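Protein chains: 2
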Amino acid sequence: MRFALALALAAAPVAAADVPSPGEIVAAAPAAEWVGIAAEDLLVMTLAPDAKGRARRVVIQLMPAPFSQGWVGNIRVLAKAHWWDGTAVTRVQDNYVAQWGDPTEKKALPAGLRHITEADYDATSGDITDADIARLKNETEQQEERAWSLAAARIEPRKAEIASTRNTKAPQGWHERDAYAEWVEVRHGWPLAASGEGMKAIFWPVHCYGMVGVGRNLSPDTGTGAELYTVIGHAPRHLDRNIALVGRVVEGMEHLSSLPRGTGALGVYETAAERTPIVSIRLASELAATERPRLEYLSTDSASFARYVAARANRRDAFFIRPAGGVDVCNMPVPVRRAGAKQ
Amino acid sequence: MRFALALALAAAPVAAADVPSPGEIVAAAPAAEWVGIAAEDLLVMTLAPDAKGRARRVVIQLMPAPFSQGWVGNIRVLAKAHWWDGTAVTRVQDNYVAQWGDPTEKKALPAGLRHITEADYDATSGDITDADIARLKNETEQQEERAWSLAAARIEPRKAEIASTRNTKAPQGWHERDAYAEWVEVRHGWPLAASGEGMKAIFWPVHCYGMVGVGRNLSPDTGTGAELYTVIGHAPRHLDRNIALVGRVVEGMEHLSSLPRGTGALGVYETAAERTPIVSIRLASELAATERPRLEYLSTDSASFARYVAARANRRDAFFIRPAGGVDVCNMPVPVRRAGAKQ
Numbered sequence: 002m003r004f005a006l007a008l009a010l011a012a013a014p015v016a017a018a019d020v021p022s023p024g025e026i027v028a029a030a031p032a033a034e035w036v037g038i039a040a041e042d043l044l045v046m047t048l049a050p051d052a053k054g055r056a057r058r059v060v061i062q063l064m065p066a067p068f069s070q071g072w073v074g075n076i077r078v079l080a081k082a083h084w085w086d087g088t089a090v091t092r093v094q095d096n097y098v099a100q101w102g103d104p105t106e107k108k109a110l111p112a113g114l115r116h117i118t119e120a121d122y123d124a125t126s127g128d129i130t131d132a133d134i135a136r137l138k139n140e141t142e143q144q145e146e147r148a149w150s151l152a153a154a155r156i157e158p159r160k161a162e163i164a165s166t167r168n169t170k171a172p173q174g175w176h177e178r179d180a181y182a183e184w185v186e187v188r189h190g191w192p193l194a195a196s197g198e199g200m201k202a203i204f205w206p207v208h209c210y211g212m213v214g215v216g217r218n219l220s221p222d223t224g225t226g227a228e229l230y231t232v233i234g235h236a237p238r239h240l241d242r243n244i245a246l247v248g249r250v251v252e253g254m255e256h257l258s259s260l261p262r263g264t265g266a267l268g269v270y271e272t273a274a275e276r277t278p279i280v281s282i283r284l285a286s287e288l289a290a291t292e293r294p295r296l297e298y299l300s301t302d303s304a305s306f307a308r309y310v311a312a313r314a315n316r317r318d319a320f321f322i323r324p325a326g327g328v329d330v331c332n333m334p335v336p337v338r339r340a341g342a343k344q
Numbered sequence: 002m003r004f005a006l007a008l009a010l011a012a013a014p015v016a017a018a019d020v021p022s023p024g025e026i027v028a029a030a031p032a033a034e035w036v037g038i039a040a041e042d043l044l045v046m047t048l049a050p051d052a053k054g055r056a057r058r059v060v061i062q063l064m065p066a067p068f069s070q071g072w073v074g075n076i077r078v079l080a081k082a083h084w085w086d087g088t089a090v091t092r093v094q095d096n097y098v099a100q101w102g103d104p105t106e107k108k109a110l111p112a113g114l115r116h117i118t119e120a121d122y123d124a125t126s127g128d129i130t131d132a133d134i135a136r137l138k139n140e141t142e143q144q145e146e147r148a149w150s151l152a153a154a155r156i157e158p159r160k161a162e163i164a165s166t167r168n169t170k171a172p173q174g175w176h177e178r179d180a181y182a183e184w185v186e187v188r189h190g191w192p193l194a195a196s197g198e199g200m201k202a203i204f205w206p207v208h209c210y211g212m213v214g215v216g217r218n219l220s221p222d223t224g225t226g227a228e229l230y231t232v233i234g235h236a237p238r239h240l241d242r243n244i245a246l247v248g249r250v251v252e253g254m255e256h257l258s259s260l261p262r263g264t265g266a267l268g269v270y271e272t273a274a275e276r277t278p279i280v281s282i283r284l285a286s287e288l289a290a291t292e293r294p295r296l297e298y299l300s301t302d303s304a305s306f307a308r309y310v311a312a313r314a315n316r317r318d319a320f321f322i323r324p325a326g327g328v329d330v331c332n333m334p335v336p337v338r339r340a341g342a343k344q
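Chain order of the listed sequences is A and B.
Taking my numbering, the leading residue of the first sequence gets 2, the next gets one more, and so forth.
Taking my numbering, the leading residue of the second sequence gets 2, the next gets one more, and so forth.
If you're looking for bench data, these hints aren't it; they were derived computationally from the structure.
These figures come from a predicted structure and were not determined experimentally.
We put the CB at the ideal spot given by N, CA and C, even for glycine.
One or more of the hints may lead you astray.
[Stated by the list, open to error] The following label-pair restraints were derived from C-beta to C-beta distances:
(1) A:33 x B:28: 49 to 57 Å
(2) B:265 x A:111: 25 to 33 Å
(3) B:295 x A:265: 23 to 31 Å
(4) A:322 x B:107: 36 to 44 Å
(5) B:121 x A:31: 15 to 23 Å
(6) A:220 x B:29: 35 to 43 Å
(7) B:339 x A:51: 41 to 49 Å
(8) B:32 x A:265: 41 to 49 Å
(9) B:197 x A:315: 18 to 26 Å
(10) B:221 x A:271: 49 to 57 Å
(11) B:290 x A:105: 44 to 52 Å
(12) A:271 x B:25: 17 to 25 Å
(13) B:295 x A:266: 21 to 29 Å
[Unchecked claim] Computed list of chain A residues with no C-beta within reach of chain B, every gap over 12 Å:
(14) 77
(15) 237
(16) 304
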């Protein structure tokens with residue numbers, strides 16, 4: 002799992018701490034704070050077995066509205082067309098990205114792909130519609146996590162209206178100093194950056210480790226979604242708002258991050274033999290029920306998530322002697338686990 | 002090389018840009034702006050050949066004064082004693098660290114190791130001595146890079162005195178908003194964070210990708226230097242000031258970052274067969290001249306480095322449509338190359 006429960010660097014046993022570690026807080030989170038990820042939001046990539054014959058499966062969570070839905074729609078079309086079957090991981094550049102797609106760059110794309118414009122790299126407060134607000138009034142708490150907009154400016158004034166129909170929770174943002182944006186937070190389950198205020202606020206997802214984006218050629222090309230990459234090093238935040246982000250790896254990240262680095266320019270493999278073949282990429286909703294990954298994430302509106310972030314910003318468990326007093330948006334990954342793991 | 006010269010995500014040819022990219026700025030830097038790394042500051046780690054019989058060599062640059070010199074001294078003692086020969090990479094945790102040392106945890110340490118206290122995780126302005134200032138008056142420009150203190154508070158008032166003996170350059174700091182510290186910059190060739198002012202300022206090196214640190218047990222243990230790790234994921238800055246940093250990988254990082262992740266707790270390999278054997282670790286100064294890596298880095302006081310940082314903070318080369326207007330301290334790696342590569 003990429004969300005390690007302990008961070009001590011010594012391999013020796015670690016004494017119990019008086020103050021819970023971030024991992025201990027996550028482990029103690031009640032079942033109600035975990036949000037199941039819908040099968041139609043999961044992409045299952047099966048790589049060829051490794052040199053020792055072991056299976057390699059990577060699971061990607063697709064990004065929810067209001068972000069990148071044009072590309073996400075294309076990705077669903079490509080997956081349903083089985084377009085990636087027989088393609089490969091073509092490029093692995095150290096401290097940057099692992100990228101996959103059609104190495105020939107000639108494979109015909111399926112019908113039904115949309116062209117998306119650069120304007121869609123961002124979302125705005127206005128992207129939350131009256132229909133979204135109407136939906137909020139009726140949804141269950143778990144579904145609410147998905148519909149609950151990032152656009153606090155639009156929701157805040159109508160919160161009483163929404164809350165009047167049932168109990169609700171205010172979205173809890175978390176802000177920190179950031180070199181790239183006016184503010185950053187993890188909300189709605191995703192790491193985000195933003196600028197502006199009120200209805201003019203602009204939000205965008207950010208390039209943290211494990212995030213999945215859409216390869217493209219030079220502007221105005223924005224990519225179709227057929228060429229994808231994931232971040233395998235320090236967050237390349239300069240790519241934010243310049244490339245579409247469409248999801249994140251939630252299981253099996255190590256199968257991409259530990260691949261040999263390509264020796265060509267940009268980490269491209271110089272020979273076909275070096276590439277890792279992709280057997281298939283499927284939406285989990287197209288797999289047999291027994292084959293579907295069942296995953297859930299810790300609600301970023303939950304009390305446990307707030308404690309987890311505070312603990313990551315101020316490590317006071319046994320290993321630490323000086324808490325930092327802060328944490329950057331890419332150093333507080335949203336905890337993900339197999340459903341039912343700890344219940 | 003970890004300092005990729007181009008960042009376009011498409012494998013297709015990229016058109017020439019009107020505005021130089023960070024990599025183009027580095028490539029155009031004059032020879033005088035490059036600083037040779039002394040052989041006594043380089044550690045050469047030879048791993049067992051990979052599954053295809055290819056050699057794997059990792060080169061680490063040790064950190065200069067005033068940082069971590071107790072541990073760095075221990076590391077020189079351990080290397081001269083050939084202590085690491087026959088040890089192994091014992092732990093690789095995804096998005097965190099690869100760690101090496103004695104898997105038995107029973108190997109006797111050589112004589113002459115010092116015990117270092119937690120106070121040495123930081124340096125202060127006061128760590129620059131009169132002797133350092135005297136040395137500055139006489140050194141060549143290249144050597145000056147090494148001696149030039151981080152402690153501007155102490156040097157500034159005496160700059161005229163130093164400059165009177167020869168031409169000099171003021172240290173050029175670069176500050177950005179940071180979630181963990183009052184300010185950050187890359188100076189003296191290294192990524193640093195700081196708090197406080199004047200003679201009371203405290204400085205410390207930070208956990209960026211590729212930085213090398215000292216594994217330890219619980220406080221007050223600070224580690225000897227026998228157990229080392231390097232960062233293979235997003236910067237785990239919460240470790241800053243809690244663990245000693247002693248250097249960084251400057252060549253061969255991919256041989257550590259692409260190792261299989263361990264499946265035990267904290268990424269520890271569960272069987273001895275999974276470990277990567279370490280054939281030897283030597284100071285480059287102990288190798289035959291023909292075996293020594295000859296590396297140099299772009300002076301962080303140079304005009305080209307200032308342009309490189311500005312370009313990384315405001316990408317305007319052909320691939321980018323929206324410059325970020327900022328860059329974090331771990332996303333502007335100091336360029337390193339083989340000596341003579343571009344002259």
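Could you check that no beta carbon of chain B comes within 12 Å of the beta carbon of residue 77 of chain A?
Nearest chain B Cβ is 22 Å from residue 77 of chain A, so the label holds.
Just to be sure I understand the hint, the distance between the Cβ atoms of residue 295 of chain B and residue 265 of chain A should be within 23 to 31 Å; is that true here?
About 25 Å separates the Cβ atoms of residue 295 of chain B and residue 265 of chain A, which means 23 to 31 Å holds.
Per the hint of 35 to 43 Å, is the separation of the Cβ atoms of residue 220 of chain A and residue 29 of chain B within bounds?
violated (24 Å)
In this structure, is the beta-carbon distance linking residue 290 of chain B and residue 105 of chain A contained in 44 to 52 Å?
Holds: the Cβ-Cβ distance is about 47 Å, inside 44 to 52 Å.
Satisfaction of the hinted span 15 to 23 Å by the C-beta atoms belonging to residue 121 of chain B and residue 31 of chain A
Check failed, 43 Å falls outside 15 to 23 Å.
Non-interface label on residue 304 of chain A, tested against every C-beta of chain B at 12 Å:
holds (22 Å)
Just to be sure I understand the hint, the distance between the Cβ atoms of residue 32 of chain B and residue 265 of chain A should be within 41 to 49 Å; is that true here?
violated (27 Å)
C-beta pair residue 271 of chain A, residue 25 of chain B: status relative to the range 17 to 25 Å that was hinted
23 Å Cβ-Cβ, so the 17 to 25 Å window holds.
Given the range 36 to 44 Å, decide if the beta-carbon distance of residue 322 of chain A to residue 107 of chain B lies inside it.
violated (27 Å)
Given the range 49 to 57 Å, decide if the beta-carbon distance of residue 33 of chain A to residue 28 of chain B lies inside it.
holds (56 Å)
12 Å cut-off, C-beta based - residue 237 of chain A kept clear of every residue in chain B
violated (7 Å)
When you take the CB atoms of residue 295 of chain B and residue 266 of chain A, is the distance between them in 21 to 29 Å?
holds (24 Å)
Of the numbered hints given earlier, the model fails hints 2, 4, 5, 6, 7, 8, 15; all others are met.
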